[in-house]
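Residue-level listing of the chains:
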Amino acid sequence: MSIEILMPALSPTMEEGTLAKWLVKEGDTVASGDILAEIETDKATMEFEAVDEGTIGKILIEAGTEGVKVNTAIAVLLEDGESADDIGKADAAPAASPEPATQSSATVPAAAKAAEPAAPQPDRTPDWPEGTETTKQTVREALNAAMAEEMRSTEEVFIMGEEVAEYQGAYKITQNLLQEFGAKRVIDTPITEHGFAGIGVGAALGGLRPIVEFMTWNFAMQAIDQIINSAAKTLYMSGGQMGCPIVFRGPNGAAARVGAQHSQDYAAWYAQIPGLKVVQPYSASDAKGLLKSAIRDPNPVVFLENEILYGKSFDVPVMDDFTVPFGKARIWREGTDVTIVSFGIGMTYALEAADKLAEDGISAEVIDLRTLRPLDYDTVIASVMKTNRCVTVEEGWPVASIGNHISATLMERAFDYLDAPVINCTGKDVPMPYAANLEKLALTSTAEVIDAVRQVTYR
Amino acid sequence: MAAKKTTSKSNASADELKSYYHDMLLIRRFEEKAGQLYGMGLIGGFCHLYIGQEAVVVGLEAAAKEGDKRITTYRDHGHMLACGMDPNGVMAELTGREGGYSRGKGGSMHMFSTDKHFYGGHGIVGANVPLGAGLAFSDKYKGNDNVTFTYFGDGAANQGQVYETFNMAALWELPVIFVIENNQYAMGTSQKRSTSSPDIYTRGAAFGIPGEAVDGMDVLAVRDAGKKAVAHCRSGKGPYILEIKTYRYRGHSMSDPAKYRTREEVQKMRDEKDAIEHVRDLLLTGKHATEDDLKAIDKEIKKIVNASAEFAKESPEPDPKELWTDIYTDEAPQDAA
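Taken in sequence, the protein lines are chains A and B.
The first sequence begins at 1 in my numbering and counts up by one.
The second sequence begins at 460 in my numbering and counts up by one.
A hint or two may mislead.
As the list claims (entries may be wrong) - EDC-like, lysine to aspartate or glutamate: derived pairs with alpha carbons at most 20 angstroms apart:
hint, chain 1, residue 1, chain 2, residue 2
1, B, K492, A, E47
2, B, K492, A, D52
3, B, K761, A, D80
4, B, K754, A, E53
5, B, K762, A, D52
6, B, K761, A, E4
Calculated directly from the structure, the hints in this document are not laboratory data.
Build the full structure now, drawing on both the sequences and the hints.
Here it is as structure tokens:
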């Protein structure tokens, strides 16, 4: 049976084109791969090759014709034993036009549907059972203990990064891990973030559970393609076949006097990426419990620590296996007049501000988000429904910040409960300066949080 | 440092030759069909055809054993067919349908198979190279003797992360074979215009990684070089580089204006160096097969390819609910080893 040669789509956007030139004539025999014609697309002039072999029976569209729609029959190819007279005898089926992609009404996630605002019922169980013995531990010790415990229990867990082994960690987070677990599982890398992040992702795809330490998250910008394009997206792109259980961790945000290239908060950057989980602990117990959860999580986790918090001590429960689940915020102090939402080092300003505000009779509820993806919207919304006012606190830049996102969510889900606009306290919209006084000005502060609370409470 | 060019004078049995012929022809016919479906608007976006380069993957698969891994960039259909993935599933992924390997969510450049140890299918030039070394790292860590074939092109060979990976792969003696499929053009830029030295296989020398150039239009030469590289890696000696000189007959993608090389250049390669014709000659002149035998193989392949196209057209589009699945997994991941 004769074969219709159709006007091809030669680019992702082509709908019609010009049949510039025929390179074969009626009666010519053609083989697969022979060039039949030149076609001008919306991008360029291109050669159009034969797929099937046979004889050109009839040319249906003259050279020079413009505006030939994709899938129009442009010639008829005869197979062995056919002649041009057969054309038309064969049931001249119209060119099969591809079915247009149906406009599927994508399911909207429940959270985005503006339903009747009902007060959510967040999970308020405490992080550890009442009466559990606690001990004072620094964030540094807690992180170290979390990794050691998980490495003891799971052979597939290993850590790689710059100076994690013999140097004992640039910030001593990996202290003594080399001694306990050996060089096979505690691996010093060259200074080559892009490469070792990719090797880590490959190892995770191959069935291991890597912890990749970035000496600081600033250097991870060299590796961000591997974190987002390779780690976060592979599960989706593989239709669920290939998960990537990996933890990327290290100090994030401003340290002290290290200038613009070493002082950046990436919370909002990574929180935007579907496929990643993003954690930014404040306390030592959260650092420990969340890092253990991160190492066990079958998904890629971005774990954002803070250098200034490393040496700070907190109560940590004495338990055999203490973990903190993702997506559950912690209410550090309950209050009635305003909700202050923060995470990571922002919590130091939030809690200090709440103390000072209490002296003036303003009762602030302080929420530590702990994880930014998943984010515990319910705890924030339930709190704002009670206090009717909200201030957010973070060190990152103001544009497209976590605070912006919280504000937008409150508008959607608790608009009628707001008695004042939400204020976002953030780092200033400048690269981090070196000078001590300027650096202080570039960061947010307890004073700014207090001012913001006074504005939203009109007091 | 080994630095010589492999040409094949090796022998292959009739069955081996027939299987290479079959596998290469399957890739070619599949790709021709994919090009046709693209022209009909059934395949969208980017579609990079492997026509001309078939001997590379077929030759190297002949050197692999069960458990070995492979990972490549976006010109990946040939690799999938060569490692035994189902043509129906590959074609249905190209048409973005439920029956595709990624249930329509990956497309031409992003397909995977845990069963066949095929780790993609990656759209970012060069990014699969550290991933491949990481896969090899996982095998070394587990203490098995699997190797990972990490394919990339002459274009990707200019990416910085490739050399970061060479360094660590050599340092840690990872069982990875870096397969540089040099088809002479990085998209439309010839190697001459993009690459400072003509011999990419020598680029491992700075890291102590042996490398060799291989005639990629000769499936037996590729297979033999592959066996040598595999033996090196499997015995724990670390990485190996194969620069396989090949040629892409079609454009970089479907919207390639073909202005950067002459039609004569392409035609000359097709006429004089075609890898499938080469094996066909070996089969016929060596009296390993008759014209009729080969016709029967052609016919069988045509059937497989047509069936894959039918399957890919008839498989439904993914359910809209699929938009929201596979973003996170809550089960423990399968250990692919």
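Verification of the supplied hints:
Taking the CA atoms of K492 (chain B) and E47 (chain A), the gap is about 17 angstroms. The hint holds against a cut of 20 angstroms. Between K492 (chain B) and D52 (chain A), the direct Cα distance comes to roughly 9 angstroms. Compliance with the 20 angstroms bound is thereby established for this hinted pair. Taking the CA atoms of K761 (chain B) and D80 (chain A), the gap is about 16 angstroms. The hint holds against a cut of 20 angstroms. A hinted pair counts as satisfied when its Cα atoms are at most 20 angstroms apart, and K754 (chain B) with E53 (chain A) qualifies at roughly 14 angstroms.
Distance restraint check for K762 (chain B) and D52 (chain A): the Cα-Cα separation of roughly 14 angstroms lies within the 20 angstroms cut-off, and the hinted pair is therefore satisfied. About 18 angstroms separates the Cα atoms of K761 (chain B) and E4 (chain A), which keeps this hinted pair within 20 angstroms; it holds.
Hint compliance for this structure: no hint is broken.
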